[in-house]
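Protein sequences appear in the order of chains A and B. Quick note: to get our numbering, add 24 to the position in the first sequence (first position is 1). Quick note: to get our numbering, add 498 to the position in the second sequence (first position is 1).
Be aware that a few hints might be false.
[To be verified] Below, a sample of chain A positions facing chain B; criterion: calculated Cβ distance under 7 Å: (1) Arg42; (2) Gly89; (3) Pro117; (4) Leu120; (5) Val203; (6) Tyr204; (7) Ala332; (8) Ala334; (9) Leu335; (10) Pro373; (11) Gly397; (12) Ala398; (13) Asp400.
[To be verified] Some chain B residues near chain A, calculated using beta-carbon distances under 7 Å: (14) Asp560; (15) Ala562; (16) Ala576; (17) Val579; (18) Asp649; (19) Phe657; (20) Leu668.
Read the hints as simulated data drawn from the structure, not as lab findings. Keep in mind the model is a prediction, meaning the values are calculated, not measured. Yeah, the Cβ is synthetic: ideal placement off N, Cα and C, and Gly gets one too.
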Amino acid sequence: MDGAPAAARATISLVQPRGYVHTLALLDPALHLQHELRRRGVATRVVKNRLTAGEVNFVLGAHLGFDPRWCEEFDVVLVNLEQLGEGGAPVSPHYLRLLRENRVVDYDPAHREHLGPRGADVPLLRFGYAPHLATADPVPLDRRPLDLLFFGSVGERRTAVLERLRQAGARITVAPPAVYGTDRDELVRSARAVVNVSFYPTARFEQVRASVVLSCGTPLASERRDLRGEDVGPYADVVHWFDPQAPEEFVRYLRSAAFVADSRRMLARFAATPPSPVFDVLAGWCAPTGAPAEEPVPLRTAVRRHDAGALVRVCRQRRGAYRPGWVNVSPDPAAHPDWLVADVAPALPQVVDTARWGRCTVEPGSADIVSLGAVDPGSPSLPRLLGWAVDLLVEGGVVELTWPDAVPVEVLDRHLRDLWLREDSRHLLNLVHGAVLPGAEQDGAPPARLVLRKEASSPAHRSLGTAAGETFGSYAR
Amino acid sequence: MRFYAVCPAGADHAGALQVHRVVRLANELAYEASVVHAGAPGRQAERCTAAAPCPVAPGIADGADCVVLLRNEDVLSAFDVALARVVVWWVEVPRFLQDLRALQQRTGAGAELDAEVHSRRFVHLAGDDASRRHLAGRGCLSGDLLVAAEDDTAHRQVFEVLAACEGEHLRASEWGR
Chain A
25 MDGAPAAARA
35 TISLVQPRGY
45 VHTLALLDPA
55 LHLQHELRRR
65 GVATRVVKNR
75 LTAGEVNFVL
85 GAHLGFDPRW
95 CEEFDVVLVN
105 LEQLGEGGAP
115 VSPHYLRLLR
125 ENRVVDYDPA
135 HREHLGPRGA
145 DVPLLRFGYA
155 PHLATADPVP
165 LDRRPLDLLF
175 FGSVGERRTA
185 VLERLRQAGA
195 RITVAPPAVY
205 GTDRDELVRS
215 ARAVVNVSFY
225 PTARFEQVRA
235 SVVLSCGTPL
245 ASERRDLRGE
255 DVGPYADVVH
265 WFDPQAPEEF
275 VRYLRSAAFV
285 ADSRRMLARF
295 AATPPSPVFD
305 VLAGWCAPTG
315 APAEEPVPLR
325 TAVRRHDAGA
335 LVRVCRQRRG
345 AYRPGWVNVS
355 PDPAAHPDWL
365 VADVAPALPQ
375 VVDTARWGRC
385 TVEPGSADIV
395 SLGAVDPGSP
405 SLPRLLGWAV
415 DLLVEGGVVE
425 LTWPDAVPVE
435 VLDRHLRDLW
445 LREDSRHLLN
455 LVHGAVLPGA
465 EQDGAPPARL
475 VLRKEASSPA
485 HRSLGTAAGE
495 TFGSYAR
Chain B
499 MRFYAVCPAG
509 ADHAGALQVH
519 RVVRLANELA
529 YEASVVHAGA
539 PGRQAERCTA
549 AAPCPVAPGI
559 ADGADCVVLL
569 RNEDVLSAFD
579 VALARVVVWW
589 VEVPRFLQDL
599 RALQQRTGAG
609 AELDAEVHSR
619 RFVHLAGDDA
629 SRRHLAGRGC
639 LSGDLLVAAE
649 DDTAHRQVFE
659 VLAACEGEHL
669 RASEWGR
């Protein structure tokens, strides 16, 4: 150690259940938070479904499924962007308990009553100008191809207001559902204005949407409503508020030169708004936390000492598909696996690099479940991969793999027999279960999900196997 | 899919054993399965130590990619879950309707409870013949999870329900598999 203070670091983690595209909506607040933390000197990265030990983790989307154990293992701050209470989002009691029991950042002072005794101290986010969304050369407002753009899920209430705007003469483009990121930003930048209508009648002002639209250099038109004391901060005088019951006047104004001139002034005013001081508070939370929490190395012996019922699940990490709750193994440092290995299927015992526990030695029998994912029957590395799984598993443990369509399972059986004869005749991998991969039933000849269990072979079994083989195996090597 | 099975803990020793067995079977199929104890977090964990050690989760990480199995006695736990698929395992329910009424009175749950637990929000598994007759009579039998089945049969039954839930989740998602 050179005595220099460690740099402040943070992880912004988005919860994304498999196949759930709408998590991408959380990228807007996540990137905004990242931008504000970085400009305060905090090294920050945005990741999916994973947490980092030894630094603060801002978690967005915990209402989509977040294991409360991770709050004990990691320094977690839950960022609640769901509307709580009557008329709000239908969140579960489990999520509300998570909010009450852990450190939280919210956006709405009305939520404090749901956040337990610490609710009064919860910092409130305010999303303002996001310079990373600005473009150097935006298309002038009066030359944009779209008139009014709407993006987001279309509910009954939104449909009614959009219809009234149409009847008043507005040409409204509704963005295709589930379009996020660059494509959504390009759409926004091609519109003369974006229209904002609340999904819930009781909704708070959608400041994330407003921040994105105005930061992209596009005016925002929002329905005027009873704000009931809601403080919309810098948005009060940079948004075009219209009457959703009688939007005719607004539609005429939208077509006028005055709209363009006013909008330019509003956009300039918004871009000059200083960021909210709440980000100073959050940056203060990102000071190094010292040693990671005392959690056992994810190897079976250590984990079992800690919890007799716990299982160690190991998976080969596919790029971009980190599996929370599993020990992810990869030779690719860019994938930030839990075990960084030099080889896909190293011989055991093997030293692996971990970000959390440093270098660890992985002994045979260190895992209860190994997931290999999709395997290539023709790959010369498949026997080694299977051998690694057998070695890694405790007796009675299981390995899961996806076997491609149109390749007979007998090919796998031959690999397993060779493995047994040449490498480890004391153990067998026996098929426990095989079935069409869930969700693939309509695909013609779909791949199969196979589960094999590591079992001890008997002396008689070993002799029979040796007699049945083409060679005498390792005995006559 | 993450799989949680709600364990009735010390109040029902046989029930706890059954739930732990299902979690063991699911883990043997390489699913990510845990027991969750009904009631206050952590309070009942000590009371079902007679059951086989299993991964125990302190709570349900409620999400669309998650399956929660609960025995019909613990059906009220279903109302703690907003996004997960709920599988109700009906075990020994010859007096289910009477029991349900008693449950409603004891907990203050509304009369709509009966209709709700028979709705399409739930997957219904029969644990025995009496349960199967009850569910079939109401047209909501989804499958079997037989209490006395051998491991091989029970593996298949656990797989079928989890694979069905997973398939449904993936079909409902935006990009499928």
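Hint-by-hint comparison with the structure:
Because the closest C-beta pair between arginine 42/A and chain B is about 5 Å apart, less than 7 Å, the hint holds. For glycine 89/A, the interface hint holds, the least distance from its beta-carbon to any beta-carbon of chain B being 2 Å, beneath 7 Å. The restraint placing proline 117/A at the interface with chain B holds, with a minimum CB-CB distance near 5 Å, inside the 7 Å limit. Interface restraint check: leucine 120/A against chain B, minimum CB-CB distance 10 Å, threshold 7 Å, status violated.
Interface restraint check for valine 203/A: the shortest CB-CB distance to chain B comes to about 11 Å, outside 7 Å, so the restraint is violated. Given the 7 Å rule on beta carbons, the hint for tyrosine 204/A is violated: about 11 Å separates it from the nearest Cβ of chain B. The closest approach between the C-beta of alanine 332/A and any C-beta of chain B is roughly 4 Å, which is under the 7 Å cut-off, so the hint is satisfied. Annotation: alanine 334/A was flagged as interfacial toward chain B, and the flag holds, the nearest CB pair being 6 Å apart, inside 7 Å.
At its closest, the beta carbon of leucine 335/A sits 5 Å from a beta carbon of chain B; the interface hint therefore holds under the 7 Å criterion. The restraint placing proline 373/A at the interface with chain B is violated, with a minimum CB-CB distance near 24 Å, outside the 7 Å limit. The restraint placing glycine 397/A at the interface with chain B is violated, with a minimum CB-CB distance near 11 Å, outside the 7 Å limit. Using the Cβ-Cβ criterion of 7 Å, the hint placing alanine 398/A at the interface with chain B is not satisfied: the shortest such distance is roughly 11 Å.
Given hint, aspartate 400/A at the interface with chain B, is violated; its Cβ is 18 Å from that chain's nearest Cβ, farther than 7 Å. At a threshold of 7 Å, the smallest CB-CB gap from aspartate 560/B to chain A is about 4 Å, leaving the interface hint in force. For alanine 562/B, the interface hint holds, the least distance from its beta-carbon to any beta-carbon of chain A being 5 Å, beneath 7 Å. Look at alanine 576/B: its Cβ only gets to about 11 Å from chain A, farther than 7 Å, so that hint breaks.
A distance limit of 7 Å between C-beta atoms decides the matter here; for valine 579/B the minimum to chain A is near 6 Å, and the interface restraint holds. Annotation: interface hint on aspartate 649/B violated; nearest CB of chain A at approximately 9 Å, more than 7 Å. Look at phenylalanine 657/B: its Cβ gets to within about 6 Å of chain A, closer than 7 Å, so that hint holds up. Hint status for leucine 668/B: holds, given a least beta-carbon distance of 3 Å to chain A, under 7 Å.
Hint violations for this structure: numbers 4, 5, 6, 10, 11, 12, 13, 16, 18, all remaining hints satisfied.
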